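Enquirer: What follows is the residue order along each chain.
There are 2 protein chains.
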Amino acid sequence: MSTETAPLGDAATGRMTISAIAASIGVSVPSVSKVLNGRSDVAPATRLKIERALQEHNYQRNARQTGTSAAPLIELVFHELDSAWSIEIIRGVEQAARRNGLGVVLSDLGGSHTPDQRWMDEVISRRPHGIILVLSMLSAEQRRQLDTRSIPYVVLDTNGETTVGAPAVGSNNWNGGLSATRHLISLGHRRVAVISGPGDVLCSRARVDGYRAAHAEAGLEPMEDAIRWGNFTVDGGYRHGLELLTRANRPTAIFAGSDMQALGVLRAAREQGIDVPRDLSVVGYDDLPLAAWVGPSLTTVNQPLLEMADTAARMLLGIARGTDPNPRSIELATQLVVRESTGPAPA
Amino acid sequence: MSTETAPLGDAATGRMTISAIAASIGVSVPSVSKVLNGRSDVAPATRLKIERALQEHNYQRNARQTGTSAAPLIELVFHELDSAWSIEIIRGVEQAARRNGLGVVLSDLGGSHTPDQRWMDEVISRRPHGIILVLSMLSAEQRRQLDTRSIPYVVLDTNGETTVGAPAVGSNNWNGGLSATRHLISLGHRRVAVISGPGDVLCSRARVDGYRAAHAEAGLEPMEDAIRWGNFTVDGGYRHGLELLTRANRPTAIFAGSDMQALGVLRAAREQGIDVPRDLSVVGYDDLPLAAWVGPSLTTVNQPLLEMADTAARMLLGIARGTDPNPRSIELATQLVVRESTGPAPA
Numbered sequence: 000m001s002t003e004t005a006p007l008g009d010a011a012t013g014r015m016t017i018s019a020i021a022a023s024i025g026v027s028v029p030s031v032s033k034v035l036n037g038r039s040d041v042a043p044a045t046r047l048k049i050e051r052a053l054q055e056h057n058y059q060r061n062a063r064q065t066g067t068s069a070a071p072l073i074e075l076v077f078h079e080l081d082s083a084w085s086i087e088i089i090r091g092v093e094q095a096a097r098r099n100g101l102g103v104v105l106s107d108l109g110g111s112h113t114p115d116q117r118w119m120d121e122v123i124s125r126r127p128h129g130i131i132l133v134l135s136m137l138s139a140e141q142r143r144q145l146d147t148r149s150i151p152y153v154v155l156d157t158n159g160e161t162t163v164g165a166p167a168v169g170s171n172n173w174n175g176g177l178s179a180t181r182h183l184i185s186l187g188h189r190r191v192a193v194i195s196g197p198g199d200v201l202c203s204r205a206r207v208d209g210y211r212a213a214h215a216e217a218g219l220e221p222m223e224d225a226i227r228w229g230n231f232t233v234d235g236g237y238r239h240g241l242e243l244l245t246r247a248n249r250p251t252a253i254f255a256g257s258d259m260q261a262l263g264v265l266r267a268a269r270e271q272g273i274d275v276p277r278d279l280s281v282v283g284y285d286d287l288p289l290a291a292w293v294g295p296s297l298t299t300v301n302q303p304l305l306e307m308a309d310t311a312a313r314m315l316l317g318i319a320r321g322t323d324p325n326p327r328s329i330e331l332a333t334q335l336v337v338r339e340s341t342g343p344a345p346a
Numbered sequence: 000m001s002t003e004t005a006p007l008g009d010a011a012t013g014r015m016t017i018s019a020i021a022a023s024i025g026v027s028v029p030s031v032s033k034v035l036n037g038r039s040d041v042a043p044a045t046r047l048k049i050e051r052a053l054q055e056h057n058y059q060r061n062a063r064q065t066g067t068s069a070a071p072l073i074e075l076v077f078h079e080l081d082s083a084w085s086i087e088i089i090r091g092v093e094q095a096a097r098r099n100g101l102g103v104v105l106s107d108l109g110g111s112h113t114p115d116q117r118w119m120d121e122v123i124s125r126r127p128h129g130i131i132l133v134l135s136m137l138s139a140e141q142r143r144q145l146d147t148r149s150i151p152y153v154v155l156d157t158n159g160e161t162t163v164g165a166p167a168v169g170s171n172n173w174n175g176g177l178s179a180t181r182h183l184i185s186l187g188h189r190r191v192a193v194i195s196g197p198g199d200v201l202c203s204r205a206r207v208d209g210y211r212a213a214h215a216e217a218g219l220e221p222m223e224d225a226i227r228w229g230n231f232t233v234d235g236g237y238r239h240g241l242e243l244l245t246r247a248n249r250p251t252a253i254f255a256g257s258d259m260q261a262l263g264v265l266r267a268a269r270e271q272g273i274d275v276p277r278d279l280s281v282v283g284y285d286d287l288p289l290a291a292w293v294g295p296s297l298t299t300v301n302q303p304l305l306e307m308a309d310t311a312a313r314m315l316l317g318i319a320r321g322t323d324p325n326p327r328s329i330e331l332a333t334q335l336v337v338r339e340s341t342g343p344a345p346a
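First to last, the protein sequences are chains A and W.
Residue numbers for the first sequence, in numbering that gives the first Met the number 0: 0 to 346.
Residue numbers for the second sequence, in numbering that gives the first Met the number 0: 0 to 346.
These aren't lab readings, by the way, just hints derived from the structure by calculation.
The structure presented is a predicted model; accordingly, all values stated were derived computationally and were not measured.
Glycine residues also receive a C-beta, built at the ideal position from the N, C-alpha and C atoms.
One or more of the hints may lead you astray.
Chain A is nowhere near these chain W residues, computed Cβ spacing over 10 Å in every case [claimed, not checked]:
1. R181
2. L241
3. I329
Covered by chain A, according to a simulated footprint, are these stretches of chain W (three or more residues, beta-carbon under 8 Å) [stated by the list, open to error]:
4. 256 to 267
5. 302 to 309
6. 318 to 328
Chain A is faced by these chain W residues, among others (derived, beta-carbon under 8 Å) [unchecked claim]:
7. R51
8. A52
9. V293
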C-alpha cells in the first residue's frame with residue numbers, strides 16, 4: 000500500500016503528507032488536522048474515513064515535531080483506583096515526572112480494563128508526552144490511533160495478551176508465587192490454598208503457575224480444589240477465605256493475591272476463631288506499607304511498585320524522545336518478606 | 000490606586016489593559032503576556048517588575064475569556080501522597096472532573112505544605128480550570144499570582160490560618176473529636192488520651208478541642224499529659240501509643256487522629272500484650288475502607304472524603320464559571336462509626 004501511494008507523499012520519508020491524505024479521500028486538510036488533534040467537531044462518518052486513511056497509509060506524525068509541541072504532561076491510567084497499591088504507583092510516576100518538569104494527568108477507568116473513545120479523544124487533544132496504563136490495556140484500534148499521533152505508551156503490570164508487543168514494565172509474578180509457596184512448603188504445610196486475582200489477568204496466572212511449580216519441585220500435588228480466582232480486594236480475600244476455612248479438611252496455609260486479600264483472609268480466620276499463624280499461615284502479595292503494621296504483620300511478596308512506576312515513566316520518556324526501548328519488556332524482581340503471619344504447619 | 004490609573008485602562012471595566020500596564024512600566028506588551036502565561040523566557044528583574052505592576056493595578060484576566068481558553072484540566076495538589084486517605088480524595092475529584100470532561104493533574108509537594116515557584120510556573124502555563132489544594136496552602140503572593148490569571152482555587156481540609164478567606168471544603172473536626180470522646184466517656188473511660196495530627200494544622204486542633212469539650216460537658220478533667228501531637232502516619236500512632244501504654248497509670252482509651260495512627264496504636268498494644276478492646280479502647284479517624292477489615296475492626300470517625308472531594312471540585316468549577324461560591328466555606332458532617340475496637344472501661 001505504501002509503495003502505491005508514495006508518489007503522493009513526502010519524497011524524503013516515503014510517507015504521505017496530510018494534504019496528500021486529504022486529497023486521496025476528498026476531504027479538506029483542516030478536517031484531517033482536526034481528527035489528528037482529537038477535535039470532536041468533525042462529522043462521525045468523515046472522521047471514520049480519515050482515521051482509516053491515516054492508518055492505511057501508515058501516517059505517523061513526526062515524533063520530533065510532536066515532542067516539542069507536546070504538552071508537558073504524562074497520562075497515568077488506572078483501570079480502577081483503589082487502596083494503597085495505587086498510591087505507590089502514583090508516587091513513583093509523579094516523582095519521575097516531576098524530575099522531568101512534567102505534570103501527571105490521572106484517569107480512573109471506573110473498573111473497565113479498556114478506555115473508551117471519549118477518553119481517547121481527550122488524551123489526543125491534550126497531546127501528552129505519553130501514557131502509562133496500569134492493569135489496563137488499549138484495543139488494537141486505540142493503539143493504532145496513538146501510533147498515528149506519535150503518542151507513546153507503556154503498560155505497567157500487563158493484564159492480558161492483547162498488549163503483547165507493547166512496551167511493558169512488570170515484576171516477576173511467577174517467581175513471587177514460587178517463593179511464597181516454597182516458604183509454606185518448607186514450614187511443613189501440605190494443604191496450601193491460593194487465592195489469586197482474576198483468571199484472565201496474566202499476573203494472576205503467573206503466580207498460580209509459580210505455586211504449582213513449587214509443589215512439583217517438592218514432589219507434591221496441590222491440595223484438591225485449592226485454586227481460587229477472585230479480585231484483589233479485601234472483600235475478595237474475605238469471601239474466598241471464609242469458604243476455604245469452613246470446608247472439611249481446610250487448608251493450613253493460604254497464599255493470597257494481594258495484601259488487601261490477605262487482610263480479608265485474616266478477618267475470615269478471626270471470625271472462625273482460627274489463630275494466625277498457629278492454626279493458619281497467610282502470605283500476602285505486594286508488601287504495601289501497611290503489611291508491616293497489621294496484626295499479625297504479613298509475610299508477603301514484595302513488589303517494587305515505586306521502582307516499577309519509575310521505570311515505566313523513564314521508559315516512556317525515552318520513547319517520547321525517539322529512543323527504542325531495549326528491552327521492550329522489563330520484569331523487576333520480587334522478594335519474599337517473612338513476618339508474623341506464617342509459621343510451622345499445625346501438627 | 001485604581002482610580003488614579005483608570006484613564007489608562009479599559010473605560011468599560013475601569014481596569015487597566017495589558018498594553019496600559021506595559022506602557023506604565025516601559026516594557027513590551029508581549030513581555031506582559033509571557034509573564035501572564037507563566038512563560039519562563041522573561042528576565043527575572045523584568046518579570047518581577049511586571050508581576051508587581053499587575054498586582055498594583057489589580058489586573059485580572061477576564062474570567063469569561065479565561066474559561067473558554069483554559070485547558071480542560073483541574074489541578075489536584077497534595078502536600079504528600081500517602082495511604083488510602085489520598086486515594087479517596089483522588090477518586091472524588093476524578094469522578095467530578097470526568098463528569099465535566101476534565102482531566103485531573105496530580106501533584107505531590109513531597110511533604111511541603113506550600114508549592115514552590117516552579118510548580119506555580121507550570122500550573123500557570125498549563126492554564127487549568129482551577130486548583131484544589133489538599134492539606135496544603137498558597138502564600139499570599141501565590142494567591143495574588145493566581146488571582147491575576149483568574150485561576151481559581153479551593154482548599155480541601157484547610158491546614159492553617161493563612162488560607163482564611165479562601166474557598167474551602169472540610170469536615171466538622173471539632174464535632175468528630177467531641178463524638179469520639181463522648182463515646183469513650185459513656186463507656187466509663189476516665190483516662191482517655193488523644194494522639195492528634197501536627198499542632199500547627201487546624202483540623203488537629205479542632206479535634207483536640209472537641210476532646211476537651213466532651214470532658215467539660217461530663218464535668219471531667221482530661222487525664223494529665225494526655226494530648227499528643229504527631230503526624231497522621233501509622234508510625235506516628237505507634238510511637239505515641241508505645242509511650243502512652245508503657246507509662247505508669249496508662250490510659251484505658253486512646254483517640255487517634257487517623258485510622259493509620261490507630262493501626263499504629265493497635266500494634267503498640269499487641270506488642271505490650273494489651274488486649275483491644277478488653278484492656279484498651281481505640282478510636283480512629285477517617286473511616287477508610289480498611290477500618291472495617293483490620294482486626295479488631297476500628298471504631299472511627301467517618302469523614303466523608305469522597306463527598307468532600309466532590310464538593311470541592313463542584314465549588315471550583317462554579318467559581319471557574321464565574322459564580323461566587325455561597326457559602327465560601329463548607330463543612331460536611333462527621334459521624335462516629337462504632338465497631339470492635341472500643342468497649343467498656345476495664346474495672
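Enquirer: All hints, please: hold or fail.
Expert: Structure-based check of each hint:
Every CB of chain A lies more than 10 Å from the CB of W/R181, the least distance being 27 Å, so the non-interface label holds. Non-interface status of W/L241 relative to chain A is upheld: no Cβ of that chain comes within 10 Å, the nearest being about 13 Å off. Non-interface status of W/I329 relative to chain A is upheld: no Cβ of that chain comes within 10 Å, the nearest being about 24 Å off. Closer than 8 Å: that is the beta-carbon criterion, and the region 256 to 267 of chain W has 5 residues meeting it against chain A, so the requirement of 3 holds.
Chain A is given as covering the region 302 to 309 of chain W, and this is violated because 0 residues of the stretch bring a CB closer than 8 Å to a CB of that chain, at least three being needed. Chain A is given as covering the region 318 to 328 of chain W, and this is violated because 0 residues of the stretch bring a CB closer than 8 Å to a CB of that chain, at least three being needed. For W/R51, the interface hint is violated, since its Cβ never comes within 8 Å of a Cβ in chain A; the closest pair sits about 26 Å apart. For W/A52, the suggested interface contact is broken, since its CB lies about 28 Å from the closest CB of chain A, more than 8 Å.
Because the closest C-beta pair between W/V293 and chain A is about 6 Å apart, less than 8 Å, the hint holds.
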